[in-house]
Amino acid sequence: MTKKNSPWATVYMALVLVLLYLPILVVVLFSFNSNPGRTANFQFEGFSLQWYKQLLDPVTGYGAPLRTSLLVAFWSVLVSAILGTLGAIGLVRKPVRKSLLGRAGNVGLTLGEQVAVLPIMIPEIILGIALMALFVLLGVPFGMMTLVLSHVVFCVPYIFITVRGRLASLDPGLEEAARDLGATPLKVLTSVTLPLALPAIISGCLLAFAMSMDDFVISFFVNGPQTNTLPLKIYSSVKVGVPPHVNALCTLMLATVFLVVAISQLWQAGAHKRQEHRDKAGRVKKLAAKMLTKPTKS
Amino acid sequence: MPEHKVLLSLRGLRKTFDTQEALDGLDLDVFEGEFITLLGPSGCGKTTTLRIIAGLEMPTEGSVHLDGQDITHLAPEKREVNTVFQNYALFPHMNVYKNIAYGLALRGMDKSDIKRRVNEMLDLVQLEGYEKRMPSQLSGGQRQRVAIARSLILSPKLLLLDEPLGALDLQLRRQMQQELKSMQQLLCITFIYITHDQVEALPMSDRIALMRSGRFVQLDTPKGLYEQPHTAFAASFIGETNLVTARVEAIKEKEVLLNIAGFTLPCYCEDWLTPGENILLSLRAERIHLSALPVNTPCRVTGELIESHYAGGERVSLIRLMDGQVLRVRATTESEAEPELGSTVYAWWNQLSGVIVRDDRVSS
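Just so you know, the protein sequences line up as chains W and V, in that order. With our numbering applied, the first sequence corresponds to residues 1 to 298, in that order. With our numbering applied, the second sequence corresponds to residues 1001 to 1364, in that order.
Read the hints as simulated data drawn from the structure, not as lab findings. By construction, the Cβ of each residue, glycine as well, lies at the ideal position given by its N, Cα and C atoms. Treat the hints with caution; some may be incorrect.
Stated by the list, open to error - Quick list of in silico lysine-lysine cross-link-like pairs, DSSO-like style, CA-CA up to 30 Å:
(1) Lys-187(W) <-> Lys-1098(V)
(2) Lys-1005(V) <-> Lys-1181(V)
(3) Lys-1115(V) <-> Lys-187(W)
(4) Lys-187(W) <-> Lys-1078(V)
(5) Lys-1132(V) <-> Lys-187(W)
(6) Lys-187(W) <-> Lys-1157(V)
Claimed, not checked - Here are the computed distance ranges between Cβ atoms for each label pair:
(7) Asp-1197(V) <-> Val-79(W): 45 to 55 Å
(8) Leu-266(W) <-> Gly-1166(V): 32 to 42 Å
(9) Leu-22(W) <-> His-1093(V): 41 to 51 Å
(10) Arg-1133(V) <-> Leu-186(W): 24 to 34 Å
In isolation and in its complexed conformation, chain W is listed as follows (with noise of 0.2 Å):
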């Protein structure tokens, strides 16, 4: 901002972004391919959306693991929803003032905080290989509980972050002022902090229901004989070679994808826009924001 970006920074970034976005681009354009054959993906004959028709053939089609990824997703997004969100609660407004760090340790993330959202710094194959051990030694037959028990794992670190930024961002005597009110701890629950974190949860549910509907390292050491995520089944539809309507499922997962991002982010930035609209306070830094967040007004 303060000094001009030099034309090389630009192509620099140019180059970047097309090798990120160009083989996404190709999958898209070869989900639309007329072409029958197995080799579709090398020779573009045409628009067409038989490959969109194929994957809802009853029986080669991907309902059934669509279907088993929606309820993973959904199972294991409530759950984290509410461990995630107590969590937070729980670690931003410490019902005694004092935290194991002192004072000091309102600053950045607490040892608690820092525990709570290990598990997306863990490589996802060590975490899948240890839930597989555990599950393994508790002799928990590998299905749908396995599947959602693991995704909470990796989930709540998503809904906890969020909601945790919320709720450090409050002012901590709206909940003082409900109690002085006559508000039991309880009813401050439900009637003050719930309703104003209720933006970030929601878009930490996004983003969880997104983690959880791509995830593939983890679903495929705890997955069972019946129950096969919509990954797994790629993956195991492209042992030989791509087949084309992998291209069209890719097309429409990564529209999802796009579209609930983009969601949880507008939430997000929708909420923080009203928050810095009431802090007074804060006249520069909402001039700041609004610089950096007018082009995408909600």
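Go by the hints and put chain V onto chain W.
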């Protein structure tokens, strides 16, 4: 006016945060219907005291009694005490109506009764027609009014106000001061008011508790605090004063003779004095008079006029005494012609205006 029924009493209140002592043994009786102000510099423990009374903080030691009942460990929602917070703490997701009705709705009051009461409150704080506005759409003064209405609607026995006017501009602050005072008198609710601004505390309060480092320095009426400060801190925190070092020459029955820069003059006695010791005399800047000619009064010193500024309604002058001490004098500008800089002037005052104070200045 304060009646003599004790509403709130604090006994031996102590509070330690980690290793830091915030309150160091407070005792206070607040009378019913009183407007009492806790005044002190930031960090003196006044907000902690308020939070303990509200139940938002537990004392390390000591007790809080409200209306004869021990409420030391009672949850904040069970106390008949409400608070107006410094930053208002209005619920941002509720409109003005819902904010004000919040407490009554929690008590399960009938909807139509709530509506009637909220309208009464809106009327009281002059915010009729603002029911549907969100807090973000209100000005600072309006938010302040909503916060007050939200607390007052519960008819608390005691209203705590934590620097409620701190965020308002000067003009609005003056206006709100008057409104708060008249509201308090109208509703006959006991107010405990917190401020670090002595200009705010003096005209509003029935009594002022001056605090420093977790202790009460002096608990007195505004007049008592201004006219008869007990310590150097009390004298210098409120108004503008000169703390003059003087030596005790002799102690008579009701008077003491002081030596200030070679001048011997009388002052009313404090019983803790001993002859020969050095003491501090508090002299309000506006109680010292200047004249170029000698004045026939016992409380008089001479010095050199070293500085003089015209400041509208008053003139601020600095007088250097023989021993190097400098007196700051504020006199109305309508008084006689101003002596020249560098000339010798007579500074004199009424014997009542000189108050011997304890030296509690922090040596640095």
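### Query
Going through the earlier hints one by one, which of them does the structure break, listed in rising order?
Hint check: nothing fails, all pass.
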